[in-house]
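All you need for my numbering is the position in the first sequence, starting with 1, plus 44.
Just so you know, these hints were derived from the structure itself, not from any lab. Since the structure is predicted, the reported quantities are computational estimates derived from the model, not experimental observations. A couple of the hints might just be wrong.
[Said to hold, decoys possible] Straight-line C-alpha distance at most 30 Å; calculated BS3-like pairs for lysine-lysine: (1) Lys509 to Lys532; (2) Lys412 to Lys458; (3) Lys437 to Lys397; (4) Lys509 to Lys387; (5) Lys525 to Lys397.
[Said to hold, decoys possible] Now the in silico label distances, taken between C-beta atoms and shown as ranges: (6) Glu60 to Lys399: 41 to 51 Å; (7) Gly105 to Asp503: 52 to 62 Å; (8) Asn396 to Glu158: 19 to 29 Å; (9) Trp504 to Ser446: 26 to 36 Å; (10) Thr102 to Ala506: 48 to 58 Å.
Backbone N, C-alpha and C define an ideal beta-carbon position, used for all residues, glycine too.
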Amino acid sequence: MQNKLVLYNSLSKKKELFTPLREPFVGLYVCGPTVYSNAHLGHARPAVTFDLLYRYLTHTGYKVRYVRNITDVGHLENDADEGEDKIEKKARFEHLEPMEVVQKYMNTFAANMEQLNTLHPSIEPRASGHIIEQLELINEIIQNGYAYEVNGSVYFDVLKYNEKYKYGKLSGRILEDLQSNTRSLEGQDEKRNSFDFALWKKASPEHIMKWPSPWSVGFPGWHLECSAMSVKYLGEVFDIHGGGMDLQFPHHECEIAQSTAAHGRESVRYWLHNNMITINGQKMARSLGNFITLDQLFSGDHPVLKQAYSPMTIRFFVLQAHYRSTVDFSNEALQASEKGLQKLMKAVEALNKIKPSNSSTLDIEKLKAKCYEALDDDLNSPILLSHLFEGVKFINSVTDGSEKIDSPGLESLKELFNTFVFEILGLKDETSGKNDEKLTGELMKIIIGLRQDAKNNKDWPASDKIRNELKNAGIVIKDLKDGAEWEKE
RNA sequence: GGUCGGUUAACCGAGUGGUUAGGUAGCGGUCUGCAAAACCGUUUACGGCGGUUCGAAUCCGCCACCGACCUCCA
45 MQNKLVLYNS LSKKKELFTP LREPFVGLYV CGPTVYSNAH LGHARPAVTF
95 DLLYRYLTHT GYKVRYVRNI TDVGHLENDA DEGEDKIEKK ARFEHLEPME
145 VVQKYMNTFA ANMEQLNTLH PSIEPRASGH IIEQLELINE IIQNGYAYEV
195 NGSVYFDVLK YNEKYKYGKL SGRILEDLQS NTRSLEGQDE KRNSFDFALW
245 KKASPEHIMK WPSPWSVGFP GWHLECSAMS VKYLGEVFDI HGGGMDLQFP
295 HHECEIAQST AAHGRESVRY WLHNNMITIN GQKMARSLGN FITLDQLFSG
345 DHPVLKQAYS PMTIRFFVLQ AHYRSTVDFS NEALQASEKG LQKLMKAVEA
395 LNKIKPSNSS TLDIEKLKAK CYEALDDDLN SPILLSHLFE GVKFINSVTD
445 GSEKIDSPGL ESLKELFNTF VFEILGLKDE TSGKNDEKLT GELMKIIIGL
495 RQDAKNNKDW PASDKIRNEL KNAGIVIKDL KDGAEWEKE
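Construct the entire structure; sequences and hints are all you get.
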């Protein structure tokens, strides 16, 4: 298999040639959402980024098993014994069963992801369905001597772990720094060190999401589910682990420690982290309250939104920046994305109407090579898009008559656009596919004919009237050299 | 305070030791009965100060500002 994909590995902090452990199989694990409220713009970033990776790996010919977890056990609100489970809190607030909350937001998340045209992962395991696996993992860690039990809770012994392995290698933390810098929070008396983290927590009586275990009736620690489920579905060592940069520490650091402590070796070969979406320069997050949900974006129903933005506009917006850069939300930026996407889609449409000439004025193979080059360089989607826009310009020029393309060239250009725009970037034409499309087309043909008659008679008031009234109805007429085209606004 | 990253033209956003990224907006032109679209051309770029170099926005140092993580977070 031809393999030129280079990925930035957060662990080595370098770009590395991607080579799967067991070609042609690729194991991809991505941290999914905690389902206690609606998905917001920030969630679109990893979803689209890793969807692109999944699509590209698949396109390359790999057999990818893509696992994205659903965190439905709930995390504590803070690192204290009196902390509250997010899902429970929400459940009480909305008078729902915890699993009802989970189901509700799992459904909306799935719906939003479909709107963004992300492909479904191969497996979407839920933490609550893998309590046994998590218990087993805790046992292994205890047996290997890297965890201790206090009052029915089990904690990971970071200091002990650090003697043999290096804790903090992913996030660049040094244990001594952590020791001196960790905030002193309440309820940490049980831990030997402030940086130790829970593998199992004993539940307080009012806690309703709890399971029996050898140590207590309780619930699993915050980082455990990913370690347990990735191993279950991808093996003790697997290729790629992705997630947001904000998860690097402590979540992914703890995952590394847990897996290494349990299995004696590291699980993940390539760590990939997407950067944040910011708003007014600050990270968009549920906890900061500065988020805009995807539903709000799609409907325009939010004070800061000047208009609604379609799912594909959001997808295009995300793809226009490299995944390791922050990308700042603004109406202007989204409007620019909307226009850019329209331009791209119009060109694809125009491409299907082009009549080939005897010769070509563009080297399609070269353009294609540049597109692959962009993706191979750590999934550089903005560069890929810039190359595609080179193609857009060419297509429009052919339509204009200033460039030419021959029949084989036309076929490969169509294939190129189909491959990159739809198959790999996962964009789709949002304007087409309506039921009444055909009838509307017929009607428009008649109207355009009438207008053509008026124009032939130089009856400009009549032709302008038709055009203006169509415009009022949301239909724009575009006069061409021979005939006219129309489109919905 | 510690660790890490960023600062690119009107806006968004790539990239690189010497060659036009791209999108959006603006301006001029072509086309057009007018308009729109499209095409062609175009506008004050690389935070500041030093250094290395024939040449730096790109490498190095210092400074300023912004952000992320250090608590759940995509």
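Hints, verified against the model:
About 17 Å separates the Cα atoms of Lys509 and Lys532, which keeps this hinted pair within 30 Å; it holds. For the given pair, Lys412 sits about 11 Å from Lys458 by alpha-carbon distance, which is consistent with the 30 Å threshold. For the hint pairing Lys437 with Lys397, the CA-to-CA distance comes to about 15 Å; that is within 30 Å, so the pair holds. Distance restraint check for Lys509 and Lys387: the Cα-Cα separation of roughly 27 Å lies within the 30 Å cut-off, and the hinted pair is therefore satisfied.
About 15 Å separates the Cα atoms of Lys525 and Lys397, which keeps this hinted pair within 30 Å; it holds. One distance hint, 41 to 51 Å for the beta-carbon pair Glu60 and Lys399, holds here, with the actual separation near 46 Å. The hinted window of 52 to 62 Å between Gly105 and Asp503 holds, with their beta carbons roughly 60 Å apart. Here the CB-CB span from Asn396 to Glu158 is close to 26 Å, well matched to the stated 19 to 29 Å.
Our hint of 26 to 36 Å for Trp504 and Ser446 holds, since their Cβ atoms are close to 29 Å apart. Taking 48 to 58 Å as the suggested C-beta distance range, the pair Thr102 and Ala506 conforms, at roughly 54 Å.
The structure meets every hint from the earlier list without exception.
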